[in-house]
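Engineer: What follows is the residue order along each chain.
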Amino acid sequence: MDIVITDLDPRFKHEVAKEEGGERVKYCFQCGTCTSGCPVSEIDSKYNPRCIIRMVILGMREQVLRSDFIWLCSTCYTCYERCPQDVRITEVMNALKNMAVREGYIHPAFRAQAELIGSHGRLYEIDEFTEEKREELGLARLSGDIAEVAEIFKITGLAELLSEASQEPVRTASA
Amino acid sequence: MGVAHGEVKAEAPHMGGINEAGCGRGPRIGVYVCHCGLNIAATVDVARVRDAVAGLPGVVVARDNKYTCSEVGQKTIADDIKNLNLDRVVIASCSPRLHERTFRELMARSGLNPFLLEMANIREQCSWVHGHDREAATRKAVALTRAAIARAALLEPLERNVGSVTKSAMVIGGGVAGISAALYLANMGVKTYLVEREPSIGGHMAMLDKTFPTLDCSLCILSPKMVEVRENSNIELLSYTEVRKVEGQVGSFKVELLRKPRYIDEAKCVACGLCAEKCPSKAPDEFNRGYSERKAIYIPFPQAIPASYVIDPNYCRYFTRGGKCRVCEKICERGAVDFSQREEIVTLDVGAIVIATGFEPYDASRKTQYGYGRFPNVITSLDFERIICADGPTHGKLKRPSDWEIPRRIAFIQCVGSRDEHETDGAGKYCSRVCCMITAKQAFMVKEKYPDAEVYVYHTDMRTAGKGFEEFYQRGRSEGIVFVRGKPGEIVENPEDHSLRVVAEDADSGCILDLTFDMVVLAIGLRPPGGLVELAQKLNVSRSADGFLLEGHPKLRPAETSIEGIYLAGCAQFPKDIPDSVAQAGCAAAAAAGVLASDRIEMDPLNPVVDEELCIGCRLCEKLCPYGGIKVEKTDKGFKARVIELACKGCGVCGAACSARAIKMRHYSDEQIYAQTAALLEVG
Ligand SMILES: Cc1cc2nc3c(=O)[nH]c(=O)nc-3n(C[C@H](O)[C@H](O)[C@H](O)COP(=O)(O)OP(=O)(O)OC[C@H]3O[C@@H](n4cnc5c(N)ncnc54)[C@H](O)[C@@H]3O)c2cc1C
Chain C
23 MDIVITDLDP RFKHEVAKEE GGERVKYCFQ CGTCTSGCPV SEIDSKYNPR
73 CIIRMVILGM REQVLRSDFI WLCSTCYTCY ERCPQDVRIT EVMNALKNMA
123 VREGYIHPAF RAQAELIGSH GRLYEIDEFT EEKREELGLA RLSGDIAEVA
173 EIFKITGLAE LLSEASQEPV RTASA
Chain A
7 MGVAHGEVKA EAPHMGGINE AGCGRGPRIG VYVCHCGLNI AATVDVARVR
57 DAVAGLPGVV VARDNKYTCS EVGQKTIADD IKNLNLDRVV IASCSPRLHE
107 RTFRELMARS GLNPFLLEMA NIREQCSWVH GHDREAATRK AVALTRAAIA
157 RAALLEPLER NVGSVTKSAM VIGGGVAGIS AALYLANMGV KTYLVEREPS
207 IGGHMAMLDK TFPTLDCSLC ILSPKMVEVR ENSNIELLSY TEVRKVEGQV
257 GSFKVELLRK PRYIDEAKCV ACGLCAEKCP SKAPDEFNRG YSERKAIYIP
307 FPQAIPASYV IDPNYCRYFT RGGKCRVCEK ICERGAVDFS QREEIVTLDV
357 GAIVIATGFE PYDASRKTQY GYGRFPNVIT SLDFERIICA DGPTHGKLKR
407 PSDWEIPRRI AFIQCVGSRD EHETDGAGKY CSRVCCMITA KQAFMVKEKY
457 PDAEVYVYHT DMRTAGKGFE EFYQRGRSEG IVFVRGKPGE IVENPEDHSL
507 RVVAEDADSG CILDLTFDMV VLAIGLRPPG GLVELAQKLN VSRSADGFLL
557 EGHPKLRPAE TSIEGIYLAG CAQFPKDIPD SVAQAGCAAA AAAGVLASDR
607 IEMDPLNPVV DEELCIGCRL CEKLCPYGGI KVEKTDKGFK ARVIELACKG
657 CGVCGAACSA RAIKMRHYSD EQIYAQTAAL LEVG
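Line order of the protein sequences matches chains C and A. Sequence positions in the first sequence follow this note's numbering and run 23 to 197. Sequence positions in the second sequence follow this note's numbering and run 7 to 690.
Calculated directly from the structure, the hints in this document are not laboratory data. Just so we're clear, the structure is a prediction, and the values are computed from it rather than from any experiment. Cβ coordinates follow ideal geometry from the N, Cα and C atoms, glycine included. It is possible that part of the hints are untrue.
Far from chain C by the CB rule (all over 12 Å, computed), these chain A residues [as the list claims (entries may be wrong)]:
{"#": "1", "residue": "Asn-238"}
{"#": "2", "residue": "Lys-330"}
{"#": "3", "residue": "Gly-486"}
{"#": "4", "residue": "Thr-522"}
{"#": "5", "residue": "Val-659"}
Just the calculated beta-carbon pair ranges, DEER-fashion [as the list claims (entries may be wrong)]:
{"#": "6", "chain 1": "C", "residue 1": "Glu-158", "chain 2": "A", "residue 2": "Pro-501", "range": "43 to 53 Å"}
{"#": "7", "chain 1": "C", "residue 1": "Lys-48", "chain 2": "A", "residue 2": "Leu-90", "range": "48 to 58 Å"}
{"#": "8", "chain 1": "C", "residue 1": "Ala-169", "chain 2": "A", "residue 2": "Asn-500", "range": "29 to 39 Å"}
Residues of chain C placed beyond 12 Å of chain A at every Cβ, according to the derived structure [said to hold, decoys possible]:
{"#": "9", "residue": "Val-26"}
{"#": "10", "residue": "Val-109"}
{"#": "11", "residue": "Ala-131"}
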């Protein structure tokens, strides 16, 4: 991929550094400790934390925020512990995800999860089998009342975000 | 940047007017506000500072100059002193550490007592730290300058203390830096005491096999210098000795040393080695980094100086089994073994001190992901030097510790404990400067011994700045060493054959390299040596954030410290290679010899004075003084505090604490400080 200077947004790295979690992104010196120990990279080379941070430093705003790879971090914190420059990479990924959402990009898997919580109050539906098991154990039935959850969605602004963020991240072959 | 240059004409100094009215019989103060080019003027409105202080009581003249320290700037002050009869000078400019001496000398030349100078630091304390807020920086500059004027009005003329000069020096630490400093001093005719805490001099260089970039044998070039130390009649070597206490100041330090017992009479021992042959107790050999054993009676290495054995009481049966054994004593024909030796205190008088205490290798076991200490075939760069050395545990064959077989695939990992934010206590963030070249050297040595070996170097950036260094790195590449830009996250050991799996991203190809090695060498960083904190406290010298000793000025006083008469050489100041250590040793020796060349030394009169009428002998000052510089003694008027000028460093703790107000700091009297504080608060 060729990049010309006008494609790059020199302010992007500063924006990320101002975002909670992104504070130390500019300290990265590209040693690759993160990628070499990353369990996600091992399975899917599309996710390469060193490379994502490089793209941030270069100012590849759109390519980063619209990508689907920023959503792949499993938050195991291995890189966070090992990074010699204490870039706190896991938190940087969170910062990038927050920025992406604000710009209207939500990964479909995350949208699906949020919607599940919205409709069931949890990530999965409670079926009759579970309720019977609970009863046997002397536990109360789980109420299907999700009014409270809907209220939380409203107060935290999640409901609005879900309706606004309409665009899906672009599938990338490789970072 | 909004620079006040429109208002200020470039050439001549500007003044806020001569103010004869306000100065009847009081002090006559001249105030000079410096632009320091744009260093101050870009942020502080210098003209406003000048005008704000021009009318203050006592101020006869207030000017601003582009560079107060320049010839022109100084001449303006000299002329004013003469023409306007000034008796005090206030300069608002940079830190007094830079130019206080310049301006004091100017005052002396102009017939004024140099202690009637006061400086306000409006650069380091204003423009440089408040660069984004011109208004606040300017207000602070006004406040500091007003405070300086208030203090200046109360300054009193003082005479400098004059001290004698003891024409000898002490060098602490006998690595290549300390050895070089001692030899330079001795060859300039200075009697020099070389104090080394280990049983032999030599330091880390004695442990190295070959040295970059020329690959000369380390001990072949070091050991002649060590012998020279022994032979030079101007050098007295005190090995196995530590510094206990240091008092006094430049020209007349009083040093107390603790000599540890060797249990061997150095003068009698000829290092024949019979004793060690017969000694029944074994101990890990530190010199070989624990990869071999030595006896409880031992000589650290064959070329050790002093060439004398030493008994390690932690392993010797005489000490561990209550007076039994004594085999060495019986076998030594010269009667050199002496179990009656005890710790001994030695005192020295020296005029100057060079600190050359070197470094300590980073403890690689702290990086648990690399398994040093758990995986036998993970070694450090210093271990490598011993393992490949002819005198080492494998007699020069490069072998891996798990089975002492020759490794075919070797990896080096850079920056272990360097450039690392996780190293707490501030140290470890820095680049240790020598490790890239150490690895380039060691990787090359592997190829030299075993051309078929596969050698990989995992690095973040290869830094090979130095004469002949880049060429050496190039040669390594041409030998087939693979340099990988990428740092492995961890090392995983196969417990069956102790091979080591290393996964790293090769940033240059974008590939993940998943390779298995027979041995991995960790390029460990250089850290401040153990005991440096305590030694720095004893000598009252400062350390920098990295934990090493702070030089007098980062560019212009690289071998000096903040204390006059105390100098730095080698890795004690910061990690460096052998040529740089030797160069700094020369610089330190020259600076020390310069001081020792004069017959008398003038010192600032910072000592407090005790008013015996007021002193109630409560001993508070004595208890608080960190330097033992004030003692309460019985006199015919009762118990009274007395200042011990040699020990006093002028810190002022006693003066601040004295409840009877009997202790007066001569250049920082209560009145002066109150006036200064009041002026600061007034401006707000
Ligand atoms: C693995 C490795 C390989 C290296 N290879 C090379 C190379 O090939 N070429 C090169 O130029 N450089 C090389 N270096 C760097 C070289 O070792 C240093 O430049 C050199 O040793 C610095 O000398 P020094 O005298 O300052 O410190 P040191 O060698 O550390 O000596 C300090 C001495 O002071 C003593 N001491 C410490 N504290 C006290 C105290 N409180 N009181 C009394 N004595 C004290 C110590 O016992 C020691 O003897 C290498 C370093 C390492 C770690």
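Engineer: Are the hints correct? Go through all of them and say.
Structural biologist: Do the hints match the structure? See the list:
1. Asn-238: holds (45 Å)
2. Lys-330: holds (52 Å)
3. Gly-486: It holds; A/Gly-486 is separated from chain C by about 23 Å at its closest Cβ, greater than 12 Å.
4. Thr-522: holds (15 Å)
5. Val-659: The claim holds: A/Val-659 sits with its nearest Cβ about 38 Å from chain C, beyond 12 Å.
6. C/Glu-158 with A/Pro-501: 43 to 53 Å: Since C/Glu-158 and A/Pro-501 have Cβ atoms about 46 Å apart, the given range 43 to 53 Å holds.
7. C/Lys-48 with A/Leu-90: 48 to 58 Å: Holds: the Cβ-Cβ distance is about 54 Å, inside 48 to 58 Å.
8. C/Ala-169 with A/Asn-500: 29 to 39 Å: The hinted range 29 to 39 Å is violated for C/Ala-169 and A/Asn-500, with Cβ atoms some 57 Å apart.
9. Val-26: holds (21 Å)
10. Val-109: violated (9 Å)
11. Ala-131: holds (25 Å)
When the structure is compared with the earlier hints, violations turn up for hints 8, 10 and for no others.
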